[in-house]
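As a plain string of letters, each chain reads:
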Amino acid sequence: MKYIQRLLLITLLPLGVIAPAAESARATIVQAILAPDAAQTRTLITSLTGNPDEVIPPLLEAWRTDQLFIYRHGETPVPVQLTGEKDADGARAALRVDSGEPLLDAAGQPLRLASSGLKAVDHTTSLRRAMKGVLDVFDIVSPDPNRRSKAIQSFGLAQDTTKLAILLERLPRETDPRVHRALREAVALIQLKDAKDEVKLAALAELKALHTLSSTDFLQRALKEAEEKKNEPVATAAKSAMYAVESHRSTVDFLGTLFRGFSLGSILLVAALGLAITFGLMRVINMAHGEMIAVGAYTTYLVQNIFGAGVTIPFFGFSLPIPGMGLTGSAYQWYFIAALPLSFLAAAIVGIGLERSVIQWLYRRPLESLLATWGVSLILQQVFRLMFGANNVQVSSPVYLSGNWTVNDVLLGWNRVFVIGFAILIVFGMWLVLSKTSLGLLIRASMQNRQMAACMGVRTERVNMLTFGLGSGLAGLAGAFLSQIGNVGPSLGQSYIIDSFMVVVVGGVGSIAGTIISAFGIGGIDQVLQQYLPYWAPGLAWVPGIGGFLQNLAQDAAVFGKILVLGGIILFLQWKPAGLFVTRSRSLDE
Amino acid sequence: MFKSSRYLIAAGALLASAYAQAADTVKVGVLHSLSGTMAISETSLRDVLLFTFDEINAKGGVLGKKIEPVVVDGASNWPLFAEKATQLLEQDKVAVTFGCWTSVSRKSVLPVFEKNNGLLFYPVQYEGEEESQNVAYTAEAVNQQATPAVDYYLAEGKKKFYLLGSDYVYPQTTNLVLLEYLLSKGVPLDNIGGGFRRDGSGKIISAGKYTPFGHTDYQQIVAEIKQFAASGDACVISTLNGDTNVPFFKEYAASGLTAETCPVVSFSISEDEFRGLPADQLVGQLGCWTYFQSIDSPANKKFVADFQAWLKKTTVPGVVKEGRVTCSPMVLSYVGVYLWKAAVEKAGSFDVDKVRAAFKSGISFDGPGGRVTSQPNMHVTKNVFIGETKADGQFKIVKSFDNVYGEPWLKGKFK
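Those protein sequences? They're chains W and H, same order as listed. Mapped onto our numbering, the consecutive letters of the first sequence carry residue numbers 1 to 590. Mapped onto our numbering, the consecutive letters of the second sequence carry residue numbers 1001 to 1415.
No wet-lab data here; the hints were simulated from the structure. Everything hinted at is true.
With a Cα cut of at most 30 Å, we get these calculated DSSO-like pairs of lysine-lysine:
(1) Lys-1413(H) - Lys-1185(H)
(2) Lys-1159(H) - Lys-196(W)
(3) Lys-562(W) - Lys-1203(H)
(4) Lys-1093(H) - Lys-1360(H)
(5) Lys-1302(H) - Lys-1360(H)
(6) Lys-230(W) - Lys-1185(H)
(7) Lys-150(W) - Lys-1159(H)
(8) Lys-1066(H) - Lys-1341(H)
(9) Lys-1302(H) - Lys-119(W)
(10) Lys-1158(H) - Lys-229(W)
(11) Lys-1159(H) - Lys-208(W)
(12) Lys-208(W) - Lys-1158(H)
(13) Lys-86(W) - Lys-1390(H)
(14) Lys-208(W) - Lys-196(W)
(15) Lys-1390(H) - Lys-1312(H)
(16) Lys-132(W) - Lys-1396(H)
(17) Lys-1027(H) - Lys-1312(H)
(18) Lys-119(W) - Lys-1390(H)
(19) Lys-1059(H) - Lys-1093(H)
(20) Lys-1093(H) - Lys-1027(H)
(21) Lys-1065(H) - Lys-1027(H)
(22) Lys-1158(H) - Lys-196(W)
(23) Lys-1411(H) - Lys-1115(H)
(24) Lys-132(W) - Lys-193(W)
(25) Lys-1312(H) - Lys-1065(H)
(26) Lys-1159(H) - Lys-239(W)
(27) Lys-132(W) - Lys-1399(H)
(28) Lys-1312(H) - Lys-1396(H)
(29) Lys-1159(H) - Lys-193(W)
(30) Lys-1159(H) - Lys-1413(H)
(31) Lys-1093(H) - Lys-1115(H)
(32) Lys-150(W) - Lys-1390(H)
(33) Lys-1185(H) - Lys-224(W)
(34) Lys-1399(H) - Lys-150(W)
(35) Lys-150(W) - Lys-1158(H)
(36) Lys-229(W) - Lys-196(W)
(37) Lys-1158(H) - Lys-239(W)
(38) Lys-1159(H) - Lys-229(W)
(39) Lys-1346(H) - Lys-1059(H)
(40) Lys-1159(H) - Lys-224(W)
Please put together the full structure from these sequences, using the hints given.
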C-alpha cells in the first residue's frame, strides 16, 4: 500500500498539485515544534501540505495524540517521540524527531524516558486543523475507507479547486461505495464553482442524485447567485436539487425522531420497570425509587474508579480510601460491564434494607408508605452528598459506548443503541423471572392474594423482601445506564421519579406490558413534539386571542412538549383512569 | 443599690470596650448562597473573599482598620437575598458588600442597595443593560466575554453560529446582543441557528434555543446542530448553565461532533465547574473569561499558591480543601476587594459617596489576570482571554485582548 501511495503521489507531482519538498519534512516539523509562536508553527505545518514524505503522517499523528515531548539536556531542546510499551518506571523508548533515530545518552546507549518528566509538545484546535489539511492529502489514498471519505469530504466542503484533479483521477478507481459517493459529492461541489453553465448544471444534477445534507448551503448559495444573474436553467436545476435534499432531510428527520423516541422510551422504561414491580405489584408508593437509581449510578462511578486510580470518599467525616487496580487501555474499558451486575446488587441490597427497616410495616398503607419513603429519599440524598460531595461526579463512557453508527445520515449513538437493546433484554429477563421461575410464581401468588398464599405455605414476608429487592435492583441497573447519558449527582433520582410514575400510571398499574407500551408511547410523542413543534408554531396563529402566545411557547419545544405530554396524560387518565391495561385481581380489597 | 450601680458601670465599661473594638474594625458584608442549588459555585466565592480579607488584615487592614466580615447565606432564594441585604445594610451597617452570583439575585437586592445607598461589588459575568450607582460591576460585561469570542470565531473563518442557552435572563439577553452583533458583522440571519421568536410586529424578541435548568435530553438539539454544521464552518455559542452541560456534551461527543468540526464556546463553564464535568469530552472546546488559572505570570502564580496555602490552614467551617482551583468569578471577587480598598484609601473615608467618587475616578490594581482599572460607569477595564479546554480541566490560552473597556449598554450600538 505504501508503495502505491508513493507512486500515486509521484504521479500527481507533474499536475502541479503537490509541491516538491524543498526541505526535509522532519526538519520542518522540528522547526514547527520549536517555533516561538503559534502562528509560525501553523505556517510551518501548513507548508507541509502536498509534501509526499511518508514520515509526516505518523509524526503529526503522534503530535496530535500527545506522544511528542521536548527533551532538555544541555543547550538545545530536542523534540522526541516516545514509543513502545511502558516499563516498570513508566519509561518508554525515545526517538529523535529530527532523525527518527533512538535518542542516545553520553555513553551511546539508547535512552528511555518517562512522559511525566518531560514537557509535552502542545497543540490547539487551529493547529490540529492545519495538521488535518496536511494529513487529508495523505488520507485520500489511505487504506481506511473512513479516513478516505473524511478527507475527500473536507476538500469538497472547502470547494478547493486545486484538488479537483486528484479527485477526478481517483473517481474511476475507487471501489468502496461510500467513498465513491463522497468523491462524487466533492467533485460536484467543486464544479459548482465553475464558470460554465453546462458544468454547473451537470454538478447540480449530480447533487440532486446524491441529495446529501451537507450540500444544502452550497445549493442555497448557487440558487441565490443564479437568481441574481437571472440564469433560469441553473436556478431551476438548483431548486430541484434542493427539493431532493429537503425530501431526503424529512426522511432523515422522521427516522431520527423514531430512533430518538425509542431511545427515550427505553430510558423511561428501564427507569420505570423497577417501579412497575414495587408500585405495580406491591402497591408500595416508593418515593425513594429515584435514589435507588442514584445508588446504581454511584456504584458505576465507584467501579470505574476502582478499575482506574482509586478514589477517596469522605465518609461521614472519616476519609475512606478505596484503592484502585490502576488498569488502563482495554482492560479499563471493561469497567462498565463489571458495573452492571454490581449496581444491580448494590441497589438490591439497599432496597432490601429499606424494605426490612421501613416498608414491611407499611404494606397496604399507600399514603404512609409515600410519606415514609419520601423521608428516606431525602436522607439518602443527604448521604450521597456527604459521601460524594454536592458536585456531580464524572463517569466516563467506555469506548464501545461512545461514538455513533450513521445509517443514511440517521445518527444512531452507540450508548442509545445499547440502552434500547438492554431495555429489551431486561424486559425479557423479567418476563422469564416472573413467569418461568418458582420465585416468579411465588411473587405472583403473594401479590394477588397474600393471605391465601400464606395459607398455602408461601413465606410471604420473604417473597416481599425479594420482590422489593428485585425492583430496586432494576432501578440500580437503570442508574448504571443513566450515568452514560447524563449527570451523576445527589439529585439524579429526582429527575426521573416523576417520569417513572407517569409511565407506570399510564401503562396501568401492575401491568408490565402496559409499562412498556406507555414508556415507548410517551418517549415517542415527546420526541415528535420536540422535533416538529417549532415547525408547527407558525400554524398556531389562528387560535383566537392566545395565538401569538402559543406560537412563542411552541418555540421552546423542550418545555412546551413536556407540558403537552403531561396535559395529554391527564386527559388520558380521565378517559381510562386505570391506565392502558387494567389488571384483574382476585383479591377482595380492591 | 450599690450592687446595681456597679453592674451598670461594668456594663458601661463593656459597652465602651466593645465600641472601641468596633472602631478598630470595619464591617464588610459577604452575601452568597451557601446552601441550595447555587451553593456549589458560590461557596468558592465566599472562600476567596475570606482569604482576601485575611491577606489584607495581615498587612494592616484598610485605613488602619481590620476588615470584619459579616457572612450571610442567601440560600439560592432570591427574596431571601433581599432580606439578607437589608440586614447587612440596616442592622450591621456594613461599609461595603461583596456578593451575588445570578442576575436574579442581583436584581432582587438592587432596590435595597439603592434605598440605603449601599455599595455592592458584583463579580460574575452578566448580561449588561444595567448601570446602578450602588453596584460596582467587576463582572465581565457582554463585550468582555461574548463578543470577543465571536470575533475569534469570525477570525477563524466560521460562518454559521448556533445559539444555545439555559432559559433565564443572562442567556436570553446575551444572545439578543450577539444576534445584533453578528448581523452587524455581515452574518446573514439564515446562518444563525437555534430559532427565533417574534412579537406581533415581526420584531425578534428572542434568538436561539433554550432549555430549562436540569434538562437532560439533548438528542434532538444535537441532531439539529449536526445538520446545521453539515456543510462546515459552523460553531456553537453556549450559555448553558451548570449541570445541563454534562448531558449536552455527552450527546455532542456521541454524535461525532468535535472541536475541529464544530467547536462550542461556553460562557458559563470555568475551572470551578469543571470539577463536575467529564473534561476529556470537552477537550478543545473554548472558554472565554477575563482570567484563567493557567495564566503564566508571577502575580497569578503567587495568588494561586497563597490561596492554596490559606485553604490548608483555614479553620472556617465548611471550606472544602481538596482539589480546589481558581477561576474568573473568584479572581474578580478578589480584585473587587482590592479595588474597594484602593478607593477607600483614595477617598480617605468609608463613606459610600466618597468611595464611589474615588472608584469612578479610575483606580488600577494589578491582579492575577493583569491590570484592572475602574471606569466612570461603575464597570472595570480588564484583559480578556480565550482558552481551549484541556483534559485536566484547565484552559490553554489561545488569544487575548488587552484592556477591554466594560460596556453595559450594547443593544442598538452595532447598527
